[in-house]
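Novice: Below, each chain spelled out in residue letters.
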Amino acid sequence: MPKMTISVPKEGAMGQTGSWRTFRPVVNREICNHCGICAMYCPDAVIDPDNEEIDLVYCKGCGICANECPKKCIEMVREEH
Amino acid sequence: MYEIRIHSRGGQGGVTAARMMAAAAVKDGKFATACPFYGAERRGAPIVSFVRIDDHPVRIYSQIKKPDMIIVLDPTVMDTVNVLDGLKEGGAIFINTHEDVQFPKQFTVHKADLTGIALSENLVVAGSPILNTPVIGALAKLGLFTPESGTKAITETFADPRNVTVAKKAYDEVN
Amino acid sequence: MSEKLVMSTGNKAMASAVKMAKPTVVAAYPITPQTEVIESIADYVESGAMDARYIPVESEHSAMTACIGASITGVRVFTATSSHGLLYMHEMLHWAAGARLPIVMGQVNRTLAPGWNIWAEHSDALSQRDTGWLQVYVSTVQEAYDATLMAFRIAEDNRVLLPVMINMDGFLLSHIMQPFEMTEPGDFIPPLNLPQKIDVNDPKGYGAMSPSDIHFTFRYDMEKAMKNSRTVIAETEAEFAKRFGRSYAPVEEYLWDDADVVIVAMGTLGKEAEVAADLLRKEGIKAGVMRVRWLRPFPLDMKIAGKELVVIDRDYSFGFGGVLAGEIQARYPEAKIARVIAGLGGQEVTYEDMAELVRTRKIGTEFWFGIPSEEQ
Amino acid sequence: MTEIPKEEMLLKCPSTCAGCGSLLALRYILKAAGKDTVLVIPACCNSVIQGVYPYMLHTVPVYNIAFAAAAACASGMSEAFRAVGKKTNVIVYAGDGGTADIGIQALSGALERGEDFLYICYDNEAYGNTGMQRSGATPLGAITTTTPNGKTVNKKDLDRIIEAHNLPYQATACASYPADIYNKVKKALSIPGPKFMHILAPCPPGWRTPSEKTVEIGKMAVKSGIWVLWEKEYDKFTISAPSRAAMKKPAPVIDYLKAQGRFRKVDEATAARIQAQVDKNLKKVAAEAAYSEENA
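In the order they appear, the protein sequences are chains A, B, C and D.
Going by numbering that gives the first Met the number 0, 36 is the number at position 37 of the first sequence; the sequence numbering is gapless.
Going by numbering that gives the first Met the number 0, 35 is the number at position 36 of the second sequence; the sequence numbering is gapless.
Going by numbering that gives the first Met the number 0, 338 is the number at position 339 of the third sequence; the sequence numbering is gapless.
Going by numbering that gives the first Met the number 0, 239 is the number at position 240 of the fourth sequence; the sequence numbering is gapless.
Incorrect hints may have been included.
Far from chain B, by Cβ distances over 10 Å, these chain C residues were calculated [unchecked claim]:
1. Gly-47
2. Leu-86
3. Arg-128
4. Lys-226
5. Glu-252
6. Lys-285
Keeping only pairs whose Cα atoms sit at most 25 Å apart, straight-line, the calculated BS3-like set for lysine-lysine is [what the hints assert, rightly or not]:
7. Lys-21/C to Lys-86/D
8. Lys-155/D to Lys-235/D
9. Lys-85/D to Lys-18/C
10. Lys-151/B to Lys-3/C
11. Lys-226/C to Lys-2/A
12. Lys-282/D to Lys-247/D
Calculated directly from the structure, the hints in this document are not laboratory data.
No experiment lies behind these values; they were computed from the predicted model shown.
A virtual CB, placed ideally from N, CA and C, is assigned to each residue, including glycine.
Given the sequences, and given the hints that come with them, work out the whole structure.
Specialist: Here is the structure:
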C-alpha cells in the first residue's frame, strides 16, 4: 500500500469534544416525557434516544436540546473547573 | 528518399491522398510518411501535404523544402501559391487539369483530368468532385507504387467501388 | 513485414493502444491537436469495440478529476489533453499523483497562448514536471503506440502507483501518418490491483487533514515510487522488447560511442537529429544524438564524458533557460553544453538547421534559433 | 419518524462548531443512505471536521477532493461503479462556495451528462471553513468578513440554475427538519440519474447566533418563507409540509433578520426589499405548485 492520507474509522478521532463545553445539559427526569426531540436535534448525536443519557465526553454544550425541549426540562448548567 | 508535396484546397482530399500514397508505398515494402501541414485552414483554403517514400524508416518531420515531385490537385491554387517553390532540377509535376498548362522546361510534366474523371462517374461529395482516389491511379502509372498497392490503399479507405474505377481511368489517361 | 503495418496518425495509434489496454473509464475534453485521440475512443466506445465508459466532461479540470474518482474505485482509466488543457488540469495533476493513482494520459505537446498557436512546443508538459507524474516523450507513431501500452503497466505496478503522461509533438507526430505495427499486447498488461481502492465494506477516508510531519513522509514515499519506477520502466521495456521485438531505453543514443558532439533533444526533434548527425558525419564531424525519452524519472546514467552537447530545448523557463539543458547541467555539472532554444510555437527546425547549430556551437552559451546573433 | 434508523453513521464526535447545522443534516443524510455509500467532499467545513490522519469519524468511505472538483469526482466514481455493476450510492456533500461558486461548472457538466449521483449542497451562506467570507449564496444584507457592511447584492438563485438542467429529482431542505431530510434523501437515492438537494444549514459563528438557536433559526427561515421547502420529482413540484403550513400566514422576515447578528446593519429599506423578494418568490412557488397539480 502506498503511504498516503488514508484514515480508518475511530471514535474520538477529533478528541474529546466535551472539553469544549462551557455549559452542560442537565435533564430533569421528573418532567421529561421521553419525546426524543432532544436526541433528534442533537447535531453530535450524543444523546441516547432511549434514555436521554447524554455522553458528556463528547457533548459540546451547544444547548440545542435545552432550547428545543418542549417540556423545557433540560437546563444548561455552567461547568465548574 | 523521394519527397512529394501536394497542393490542394481544404476539403478536396489532399490529406487523404497523401495517406493513401504512403500506404500504397508501404504495401510495396517501402517506408513512407504522410504529413499534412496544418494551419488555420478552412474548407477551400490552399493547403499543402507532404509524402516521403524511402527504403529506410523516415526520420524527418520538418516540411519538404526541395521536393522531387509536386502534385497540383487544384490548379487554381497556382493563382496565389508558387507551387514550383524548391522543386528540384529535373523534378516531376503532376497536375489535375484538362487544359494546356505550361511549366518551365527543366521539369517533367504529367497531366490528367481528375475532375473530369470524377464527374464521369458522378463521384461527387458535398458538391466537390473526388480527386484523391483518381490521383492514386495516376501516380501508380508514374511508378510511385504498384497499381495493386494503390488499389488496396483505396479499398481500405473507401467502400464505394467507383473510387477504384476512377483510379483505373486516371491510370489510363495520365501521360 | 508490410502486411502487418497499418498507416496511422500518432493520435490514432495512441487511441488504438488505449483500446488494447481495455480501460474501464475514459474522461476527456477535446483540444487541438489531441482531439483525434478522444474522437477515436468515443467511436470505439459507441461502436462497442471498447467496453468502457466515455465521460464527455465539460473541462480538463473535470477530465482529470473524473479520472481520479474512477481510478480510486480500482478500475483502469485514461485521458488525453494538450497545452491549455493540461494547464487547466494542473491542480488535479498534483491530486492524482498525491493520491497515488495510476492514471495514464496522452499529452499532445502544444504551445501556450498568447497569441493563439496550436503547434508543437514542450513548455506545456515541462511546466507540469514537478507534479509527480512520470513523463515520457515519444518520436514516432510506433513509439506512441508502444509507450502507451507500456505506460499502463508501469503506472499500475504496485512499486510505482504514480500516473504516467505520454508526450507526443502536436501535429508533427499527432497528425503525421506513418506505418506502424498494431501489436496485440496479450497479457503484457496484468490486471489492475489497486491496493488503496475504495471498499464500502472496509470504509476508509482519503485525503483528509494530514499533519505536517506525516505529510512529509507521504511526499517522500512518492519520491521512492519515482525511484522504483526506473527499475519498473527498465523491466517493462525489456519485457516489451522480448515479446514484441522493439526496444526502448530512457535515453535513445545514436552514433554515440565515438561521437565528439551530440545533439540532445526530445520528441520528433530528437529523431530528426539523427539525419543531422548522418549529414555531419559525411563532413567529417563525429556527431551523435541523445534523445531523452523519460524526463521523469530523469535519466541517471547519461554517458556524456568527453562529449560536447548541443541541447535543443523546445521550451523555455523564463529567467532561467531551457529546461532540458538546465536539468542536464544540474545532474551533470561537468557537462559541456551549448544551449539552443528552438522550435517554440512550432517554429520549423530542420535537420539541416540542426547540423548548422552543431557546426556553429558555442559551449557555455545560450542561442535562440531564429533571432539574429547581434540581438542576442 | 420511527422509521429512521437509530444507528449513527458518524462516530463521536466531529469537530464541528457547537450547534452546527451541516452536521445535524449530515446525520440524517447518512442514516438514509446506509452503508453502501461513498461521500465525496470538496474543500468545505466538512473536509476538516471528519478527522485527522490516520483516523476518521465516518463509517462510510470518504473521498476528499479539490474545491472545484466534487461533481466531476462523483461522475468518475459513479461511472466506474456502474461499469462494474455496483449500485453504491455516490453522494457529494459540499458547501455553498463549492457549489454555487467555484464548483458550479463541474456540477453543471455532471448534471447535463445525467451522471448517477446525489449532490447535496449544505448552505451556510458563506465560506464558513475559512472564517465567513461572502459567497454567491450569501444573502442580501448579510455581514461577512468580505462584506463588512452587509452584502449589497442578492443571493444567487442556485435552485433555479440547477432546475434548468431538468433533473429527475431536486429538493430543498433545512437542517431544522431532519425527518424531511431523511425522506428526501431516501427518495432521491431511489431514482437513477442526477439528484440535487439544497439544505439550509444555520451556522452559529457565521450567522452570529447563539449555538442553541440553530434549529430555531432554521425554522424561522422556513416560517418566514425566506427559505421554502419543496421537492421536484421529474415534473411533479410539491411544496413540503412545513412550508405549506408556513405559507398560509408567513411570519415577517424582519424577525428572522433581527435574530441574527449578521443582519445587524440591514436598514429599513433593505429589509423591505428582502421582504418584497420573499413575497414575490412565495407567489412564484405557490403558482408552480398549483400548475404542477393541475397538470399532474
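Novice: Determine for every hint whether it applies to the structure shown.
Specialist: Going through the hints against the structure:
With a cut of 10 Å on Cβ distances, Gly-47/C stays outside the contact zone with chain B, its closest approach being about 20 Å. Chain B leaves Leu-86/C outside its interface by the beta-carbon criterion, the shortest separation being 21 Å against a cut-off of 10 Å. For Arg-128/C, the non-interface assignment is confirmed: its Cβ lies about 23 Å from the closest Cβ of chain B, beyond the 10 Å cut-off. With a minimum CB-CB distance of about 33 Å to chain B, Lys-226/C clears the 10 Å threshold, and the non-interface call stands.
Non-interface call for Glu-252/C relative to chain B: holds, since the shortest CB-CB distance, roughly 15 Å, exceeds 10 Å. Against chain B, the non-interface label of Lys-285/C holds: every CB pair exceeds 10 Å, the least being about 19 Å. Between Lys-21/C and Lys-86/D, the direct Cα distance comes to roughly 22 Å. Compliance with the 25 Å bound is thereby established for this hinted pair. For the hint linking Lys-155/D to Lys-235/D, the alpha-carbon distance of about 24 Å falls within 25 Å, and the restraint holds.
Among the hinted pairs, Lys-85/D with Lys-18/C is consistent with the structure: their alpha-carbon atoms are about 23 Å apart, no more than 25 Å. Between Lys-151/B and Lys-3/C, the direct Cα distance comes to roughly 14 Å. Compliance with the 25 Å bound is thereby established for this hinted pair. Distance hint between Lys-226/C and Lys-2/A is fulfilled; the C-alpha atoms sit about 15 Å from each other, no more than 25 Å. Taking the CA atoms of Lys-282/D and Lys-247/D, the gap is near 12 Å; set against the 25 Å cutoff, the hint holds.
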